[in-house]
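> Chains as they are written, first to last, in this note's numbering: chain A, 1 to 273; chain B, 274 to 546; chain C, 547 to 819.
Incorrect hints may have been included.
[What the hints assert, rightly or not] Subject to a maximum C-alpha distance of 20 Å in a straight line, what follows is the list of computed SDA-like cross-link-like pairs (lysine to any residue):
hint	chain 1	residue 1	chain 2	residue 2
1	C	Lys557	A	Met191
2	C	Lys558	A	Met191
3	B	Lys507	C	Glu789
4	B	Lys284	B	Glu535
5	A	Lys11	B	Lys467
6	A	Lys11	B	Ala414
Hints listed in this document are in silico derivations from the structure and should not be mistaken for laboratory results.
Bear in mind that the values here come from a model prediction, so they are computed numbers and not experimental data.
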Amino acid sequence: MLGKMLENVNKKHPLVHNITNYVTVNDCANILLACGGSPIMSDDKADVEDITTVCGGLNINIGTLNSSTIPAMFLAGKRANALSHPVLLDPVGAGASLLRTSTATELLEKVKFSVIRGNISEIKALAVGSGSTKGVDADEADAVNDGNIDSVIDFARKFSSRTQAVIAITGAVDIVTDSSRTYIIRNGHPMMSKITGSGCMLSAMCTAYITANPDEILTATAAAVCAMGLCGEKAFAALLPGEGNSTYRNRLIDAVYNLDPEALERGARYEVR
Amino acid sequence: MLGKMLENVNKKHPLVHNITNYVTVNDCANILLACGGSPIMSDDKADVEDITTVCGGLNINIGTLNSSTIPAMFLAGKRANALSHPVLLDPVGAGASLLRTSTATELLEKVKFSVIRGNISEIKALAVGSGSTKGVDADEADAVNDGNIDSVIDFARKFSSRTQAVIAITGAVDIVTDSSRTYIIRNGHPMMSKITGSGCMLSAMCTAYITANPDEILTATAAAVCAMGLCGEKAFAALLPGEGNSTYRNRLIDAVYNLDPEALERGARYEVR
Amino acid sequence: MLGKMLENVNKKHPLVHNITNYVTVNDCANILLACGGSPIMSDDKADVEDITTVCGGLNINIGTLNSSTIPAMFLAGKRANALSHPVLLDPVGAGASLLRTSTATELLEKVKFSVIRGNISEIKALAVGSGSTKGVDADEADAVNDGNIDSVIDFARKFSSRTQAVIAITGAVDIVTDSSRTYIIRNGHPMMSKITGSGCMLSAMCTAYITANPDEILTATAAAVCAMGLCGEKAFAALLPGEGNSTYRNRLIDAVYNLDPEALERGARYEVR
Numbered sequence: 001m002l003g004k005m006l007e008n009v010n011k012k013h014p015l016v017h018n019i020t021n022y023v024t025v026n027d028c029a030n031i032l033l034a035c036g037g038s039p040i041m042s043d044d045k046a047d048v049e050d051i052t053t054v055c056g057g058l059n060i061n062i063g064t065l066n067s068s069t070i071p072a073m074f075l076a077g078k079r080a081n082a083l084s085h086p087v088l089l090d091p092v093g094a095g096a097s098l099l100r101t102s103t104a105t106e107l108l109e110k111v112k113f114s115v116i117r118g119n120i121s122e123i124k125a126l127a128v129g130s131g132s133t134k135g136v137d138a139d140e141a142d143a144v145n146d147g148n149i150d151s152v153i154d155f156a157r158k159f160s161s162r163t164q165a166v167i168a169i170t171g172a173v174d175i176v177t178d179s180s181r182t183y184i185i186r187n188g189h190p191m192m193s194k195i196t197g198s199g200c201m202l203s204a205m206c207t208a209y210i211t212a213n214p215d216e217i218l219t220a221t222a223a224a225v226c227a228m229g230l231c232g233e234k235a236f237a238a239l240l241p242g243e244g245n246s247t248y249r250n251r252l253i254d255a256v257y258n259l260d261p262e263a264l265e266r267g268a269r270y271e272v273r
Numbered sequence: 274m275l276g277k278m279l280e281n282v283n284k285k286h287p288l289v290h291n292i293t294n295y296v297t298v299n300d301c302a303n304i305l306l307a308c309g310g311s312p313i314m315s316d317d318k319a320d321v322e323d324i325t326t327v328c329g330g331l332n333i334n335i336g337t338l339n340s341s342t343i344p345a346m347f348l349a350g351k352r353a354n355a356l357s358h359p360v361l362l363d364p365v366g367a368g369a370s371l372l373r374t375s376t377a378t379e380l381l382e383k384v385k386f387s388v389i390r391g392n393i394s395e396i397k398a399l400a401v402g403s404g405s406t407k408g409v410d411a412d413e414a415d416a417v418n419d420g421n422i423d424s425v426i427d428f429a430r431k432f433s434s435r436t437q438a439v440i441a442i443t444g445a446v447d448i449v450t451d452s453s454r455t456y457i458i459r460n461g462h463p464m465m466s467k468i469t470g471s472g473c474m475l476s477a478m479c480t481a482y483i484t485a486n487p488d489e490i491l492t493a494t495a496a497a498v499c500a501m502g503l504c505g506e507k508a509f510a511a512l513l514p515g516e517g518n519s520t521y522r523n524r525l526i527d528a529v530y531n532l533d534p535e536a537l538e539r540g541a542r543y544e545v546r
Numbered sequence: 547m548l549g550k551m552l553e554n555v556n557k558k559h560p561l562v563h564n565i566t567n568y569v570t571v572n573d574c575a576n577i578l579l580a581c582g583g584s585p586i587m588s589d590d591k592a593d594v595e596d597i598t599t600v601c602g603g604l605n606i607n608i609g610t611l612n613s614s615t616i617p618a619m620f621l622a623g624k625r626a627n628a629l630s631h632p633v634l635l636d637p638v639g640a641g642a643s644l645l646r647t648s649t650a651t652e653l654l655e656k657v658k659f660s661v662i663r664g665n666i667s668e669i670k671a672l673a674v675g676s677g678s679t680k681g682v683d684a685d686e687a688d689a690v691n692d693g694n695i696d697s698v699i700d701f702a703r704k705f706s707s708r709t710q711a712v713i714a715i716t717g718a719v720d721i722v723t724d725s726s727r728t729y730i731i732r733n734g735h736p737m738m739s740k741i742t743g744s745g746c747m748l749s750a751m752c753t754a755y756i757t758a759n760p761d762e763i764l765t766a767t768a769a770a771v772c773a774m775g776l777c778g779e780k781a782f783a784a785l786l787p788g789e790g791n792s793t794y795r796n797r798l799i800d801a802v803y804n805l806d807p808e809a810l811e812r813g814a815r816y817e818v819r
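Pulled out of the complex, with its shape left as it was, chain A reads as follows (with noise of 0.2 Å):
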């Protein structure tokens, strides 16, 4: 099942349309290419709306926002709409400033949204219009345990109903819902966290995992985040001795860029309530 949400991707090679943040770009264009999509990125005004249009689906990560590239996100997000391309929301450091809240809460209200991913406090920031996310991490009193699983995937059922968006909560444990049922995916790696980008990756490629399966968005959302995780796993396993969070970026991408449908399939770790 999730299996096929891949070989989706690697049949239709979706064209994703990016409109991110400078730090991490380079990253997410490179994860694009490895699972089997294309990426185009563009953020000016006058461009986006061409270059959505040529394209199946739209990643809007709020990273490194700014006063030009925030109406291009208002523009290519209505387009998007328009021509019922899936479009995905990273709320990057929501609840860490009053311009990423605003804007996060301003594009909820103007653009419909497929899938909307982030960490524990942004995602919380963006539900309640306010937060205290620790930069781009979430806060560890924010993190998802065993202790308070059940309120968290309540909160975010709730927040998929008032939104109409597949909620995906990432971290140590991921949380993939919609308004009436959840993944729960314990793939994944510590290292995860000591590279800058895993979070904006997985937004772009969870971009592709949706494009390719339109009529999936919550299947192909969860299998978009298993491949992360399992991906994430496989690097470390790779790494040699005197290898640290460079190379794991590097081997992180390269086994994106190895993973084939059944690899996914047999490594994915969830549990579906």
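Using the hints, position chains B and C against chain A.
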């Protein structure tokens, strides 16, 4: 002959001013260092003329053009022209959006380029003023093959004649031509299309080659194209089991770093017409 | 002593706000994670004050400054000053353009910096308000060597006295000084000049060190400079035949990831005057 071009890069360490996209900019800087050149990036209207003045050549890449960098491209281009510095245009995504096509077209009118390098769809879009570029990749219907190569060469020569620039159309087969002489180059590896930036990196490196060989623009461009393709082959040969596109990118830049004039001379696979 | 500085980075995980160039920003983020810190990038006027507020230190790098990020540098710098956060200035390319020289000079007037780190040409340009920086690299005529080191130290001490900032002049030999005490550091490897961003990465890492050691700015800066140079040596020692500058960059960040306080203490090569 081609080896001599690289020898001059190694001898002169040309300083190259890049106005380029933020997706592949780090790779462009590292490949410039790898080939023996030196990079500087600057894209603000108030900065570019000074920077171009202290450099030897200029690389203009419209990959993530925006309303603030576009005017800087014209200012830098004109200043470089006034100083007789070689200038290269990489019309990334021309044909995929009106802004890209019209900016590239206007650049061609107002700036004298030594070299224009792109994929076949981009170059066609530039020549006719519109196109059907599939994002930043060439349209498959445009691909250069044994059946259409004569007509592509004819087209490229005419475009060279009109623009007075060397035209480099790169893909599975590469065409590098001025109005009378054509290099048909068969170096390269399909894996080069699985990383972001192989085209951008080639443009940056090509600018170093032409800056170090200002009186041999055609030969220098052909040498850079052969060098990139040859290093793409070497990088693939060096790839270990389990490695993928991210490591391939590193091995490609590493191969450029280790390429010497003799190896380039020996490994270049081309015919001249 | 120097090891203690790194120990504090590992203990406190300082969150560092970076306003930096888009060329090396990914490397800066990954080296901050590698050394035990945490990065956030933000450069919009409307965003930087909030972001600086949630961080512990600020790294201002003018590598690809533009009309929209320059005002953000002043706003963030002033806010960081008001909060008594350590602030570092990396005047990339000062001396190579009027905009770079004048922006860096004005930053010095309006923002109190804890550390100013650059190559000798950049620091000289900053001190005299003009210069002959060769792009982003030091002018060879400026290079620090045994013949001129006393006069360079004298110059750096006076500049430190005037700016009340620790001055770090890095190159083949590194000088780290305040108005009275000077570290002369001889770690490092020539290959560090074959990758883009070794200076930017050092500035980012240095900001993590001073943020974690706010009462020992001089020692923390010297520790970061030694750490970077030592890791440059380790990265070179780890290089395999056929590898080049791209893999070297990975091995450098990996070495920072694996550096512990004892290894830093043992490997640091410096004298104090």
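> So, for every hint listed, does it hold in this structure?
Evaluation of the provided hints:
Proximity of Lys557(C) to Met191(A) is assessed by CA-CA distance (about 18 Å); at most 20 Å being required, the pair is judged to hold. With a C-alpha separation of about 18 Å, the suggested pair Lys558(C) and Met191(A) falls inside the 20 Å cut-off, and the hint holds. For a cut-off of 20 Å, the pair hint linking Lys507(B) to Glu789(C) stands: about 11 Å separates their Cα positions. With a C-alpha separation of about 15 Å, the suggested pair Lys284(B) and Glu535(B) falls inside the 20 Å cut-off, and the hint holds.
Distance restraint check for Lys11(A) and Lys467(B): the Cα-Cα separation of roughly 15 Å lies within the 20 Å cut-off, and the hinted pair is therefore satisfied. At most 20 Å may separate the alpha-carbon atoms for a hinted pair to count; Lys11(A) and Ala414(B) meet this at roughly 18 Å.
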